[in-house]
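Visitor: If you read the protein sequences in the order shown, they are chains R and Y. For the first sequence, position 11 (counting from the first letter as 1) is numbered 11 according to the UniProt record's numbering, and the numbering increases by one without interruption. For the second sequence, position 37 (counting from the first letter as 1) is numbered 37 according to the UniProt record's numbering, and the numbering increases by one without interruption.
Please keep in mind that the hints were generated in silico from the structure rather than gathered at the bench. Owing to the predicted nature of the structure, the values given are computational and were not obtained by experimental measurement. Heads up, the beta-carbon is just placed ideally off N, CA and C, and yes, glycines get one too. There's no promise every hint is true.
Derived DEER-like restraints, expressed as beta-carbon distance ranges [as the list claims (entries may be wrong)]: (1) Y:G116 to R:M177: 16 to 24 Å; (2) R:A116 to Y:Q176: 38 to 46 Å; (3) R:P134 to Y:G213: 51 to 59 Å; (4) R:R56 to Y:G195: 31 to 39 Å; (5) R:R142 to Y:Q220: 40 to 48 Å.
Listed below are several chain Y residues computed to face chain R (Cβ distance under 10 Å; list not exhaustive) [what the hints assert, rightly or not]: (6) H45; (7) R47; (8) W108; (9) E126; (10) F168.
This is what each chain is made of:
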Amino acid sequence: TKSDVTPPSSRFLKWRMADVWRDVRSLLPAAESDFPLEFGEDVDPGLVAVMARARRRLYVAASPSRDPWARVVLDFSWEKLNAGTWRDVGAEWRRVYAYGCLFEAGGLCRGDPTPARVREAIRACDMGLLMGAPIMGDVLHRLVGVLRKKLDACRPEQAHHTEEPRVKRPKKDSDRMPVISEAKSVRRMRCPSLERFRSEFLDTREPVILEGTTDHWPAFKDHEWSIDYLRTVAGCRTVPVEVGSRYTDEDWSQTLITLNDFIDHYVLGEDGTGTGYLAQHQLFDQVPELKEDIRIPDYCCLGEGAEDDITINAWFGPVGTVSPLHQDPQQNFLAQVVGRKFVRLYSPEESKNLYPHQSELLHNTSQVDVEDPDAERFPDFLKAPYQECVLQPGDVLFIPVKHWHYIRSLDLSFSVSFWWS
Amino acid sequence: SSPQTICIGFGSGDCGGQGLSVSLPLVSEGYVASKPPLFRSLAPHLRAVSLALGTEHALLLTADGTIYTWGRGSHGQLGHGLLSPEEEPRALEALWGVPMSSVAAGGWHSACISAGGDLYVWGWNESGQLGLPSRGLKKDLTRAATGELNASKIFQSSHGVFISIQAFPALLDIPQVSEICKVSCGSRHTAAVTGTGDLYTWGWGEYGQLGQGGTCSSDQAERVDFFSSRGLHVEDVTCGQWNTFAFARPEPSCKRIYT
Chain R
1 TKSDVTPPSS
11 RFLKWRMADV
21 WRDVRSLLPA
31 AESDFPLEFG
41 EDVDPGLVAV
51 MARARRRLYV
61 AASPSRDPWA
71 RVVLDFSWEK
81 LNAGTWRDVG
91 AEWRRVYAYG
101 CLFEAGGLCR
111 GDPTPARVRE
121 AIRACDMGLL
131 MGAPIMGDVL
141 HRLVGVLRKK
151 LDACRPEQAH
161 HTEEPRVKRP
171 KKDSDRMPVI
181 SEAKSVRRMR
191 CPSLERFRSE
201 FLDTREPVIL
211 EGTTDHWPAF
221 KDHEWSIDYL
231 RTVAGCRTVP
241 VEVGSRYTDE
251 DWSQTLITLN
261 DFIDHYVLGE
271 DGTGTGYLAQ
281 HQLFDQVPEL
291 KEDIRIPDYC
301 CLGEGAEDDI
311 TINAWFGPVG
321 TVSPLHQDPQ
331 QNFLAQVVGR
341 KFVRLYSPEE
351 SKNLYPHQSE
361 LLHNTSQVDV
371 EDPDAERFPD
381 FLKAPYQECV
391 LQPGDVLFIP
401 VKHWHYIRSL
411 DLSFSVSFWW
421 S
Chain Y
1 SSPQTICIGF
11 GSGDCGGQGL
21 SVSLPLVSEG
31 YVASKPPLFR
41 SLAPHLRAVS
51 LALGTEHALL
61 LTADGTIYTW
71 GRGSHGQLGH
81 GLLSPEEEPR
91 ALEALWGVPM
101 SSVAAGGWHS
111 ACISAGGDLY
121 VWGWNESGQL
131 GLPSRGLKKD
141 LTRAATGELN
151 ASKIFQSSHG
161 VFISIQAFPA
171 LLDIPQVSEI
181 CKVSCGSRHT
191 AAVTGTGDLY
201 TWGWGEYGQL
211 GQGGTCSSDQ
221 AERVDFFSSR
231 GLHVEDVTCG
241 QWNTFAFARP
251 EPSCKRIYT
């Protein structure tokens, strides 16, 4: 017999989502008059007036239709962010963009938002975190935290037991296991003292693989990083993904998708749309929970800068991701957490034999494909001496400043790099 | 409030002899920011005909039909095949030999019309403002259609050739259009008037600037049927940042301005 009683699970869902606005609202200043909108003189007064209208929307009764103010703030400031180089863009416009994201996310949480709406709001927050500047005591971070908890509470049972790729990928040339010759192997050292590391490797600019230095990381112990764990902590978060075989290719591009989508389509399965790589992204600023799982290597204290000056990047992707041979302007500790990576290293003294690109954009990148060099175009490449290795989980590779490096993942892989000076 | 008088002068700080006294009704909280113009002489061999200004770049058309560009080039808007800036006007070599009759500059893109009525475009294409296939657009269209981000559709539609930056001029061929008479560029959209009095628009449409009745963006030039369906002959078009103004005349009599 038909019943007009709603099934218990969806009643629970409705109750949970109705709390969303209340929790979001509690993150905002109690009164509109306590919500400042103060900007430098570069920000058009007309736009500040629009922001005031968007702010008002958060404090009065919800209107049936979505008003355009948040989007205007976003669109206007987004255009400003695209003018000039990233460095030049006034911090003020990045703040404005963050406010736009706050208004947009807040607007999406009015009334009784569906889980889809809440996911959109999280995405709006992530755009603000990725491209905006911190505002209102890092309110976007707190908002993401609140919304994530709401999503978690109403999510159906996950059927994600998958660590293995669901779709059997055809074996590509790029999946070949490299053969490392003993003579060219990077040296390995188990927990050297600071002094030993400094004198034997840092000062002499010698690469070395440090073993045993990450055993205490929660990423290896209490919160062992697995696909399921990453989904739980950051699955709904929007991240930048590089699509295309390598960044020197014409079809290379960047896209913004959720970590869940990245895992589903580029890590576990394949749509035939090419490789996807979550590369060179400061994921640990965006997802503070993951930052708790790693530690800055002690050896970084031998550097000049403060801890805040250290850039920590995530490198997460399927087997076969390639970083073409290139050099970076800082010292690098590359910590391998999940899976193995093949690394080839060349000293900066060999630069002329590595045929760097002429253009300013790519002058730190070699034209040579390390594992398939064109001997006709690049004859001197084959005579350049090198070192190479296979990084295992738990290894930390020291790449001295300006040392050329080429990296290919041999498995589903997650590495963390620390750039320091 | 009663109109206030503003004194606008050039060259000197006061209104002295060079000044021009203008009565402007100021709205409350309105303001006029006046800075004296900067004077920069062009190289003597450049006989300037017209100048178009984008957000970060400039195009100059000279008497012999050559185009010079300068400014920031990060989105390919200078047309020299690079992403680097140019501090001095630099001739657009890719178009040498084809005399141009007009130039237009948008936020981060450029357009010009040849003496023969062909339209060339270059620069940023993230919203389809060049009329070339735009990847970002395909994703947004999919998103709008399904109501939320449908990841699998996005990945499938990522196939094909997409252009996000066109650093050299490209000839834009619009089906069934043989001659372009006017072109204007907004922040991220473009509008063009044909020899037969039709208006075509393409690019970013979020604020209705394409005049197609909705807020969709388009990476293909589409005719604005509003005019053709009312027997209106479009004669000129000019784009603001996020809007478009067309000048049209109903056959045969009076003129009206439509925005």
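Visitor: All hints, please: hold or fail.
Guide: Status of each hint after checking the structure:
Checking the proposed 16 to 24 Å range against G116 (chain Y) and M177 (chain R) shows it is violated: the Cβ atoms sit about 60 Å from each other. The hinted window of 38 to 46 Å between A116 (chain R) and Q176 (chain Y) holds, with their beta carbons roughly 41 Å apart. Checked against the hint of 51 to 59 Å, the C-beta distance between P134 (chain R) and G213 (chain Y) comes to roughly 40 Å, which is inconsistent with it. A hinted range of 31 to 39 Å for the beta carbons of R56 (chain R) and G195 (chain Y) is inconsistent with their spacing of about 49 Å.
The hinted window of 40 to 48 Å between R142 (chain R) and Q220 (chain Y) holds, with their beta carbons roughly 43 Å apart. Using the Cβ-Cβ criterion of 10 Å, the hint placing H45 (chain Y) at the interface with chain R is not satisfied: the shortest such distance is roughly 29 Å. Checking R47 (chain Y) against chain R: minimum C-beta separation of about 31 Å lies over 10 Å; hint violated. Here the hint on W108 (chain Y) is kept, as its CB sits about 7 Å from the closest CB of chain R, short of 10 Å.
With a least beta-carbon distance of about 9 Å to chain R, the hint placing E126 (chain Y) at the interface is held under the 10 Å criterion. A cut of 10 Å between beta carbons decides the hint on F168 (chain Y): the least distance to chain R is about 14 Å, and the hint is violated.
Checked against the numbered hints above, the structure violates hints 1, 3, 4, 6, 7, 10; every other hint is satisfied.
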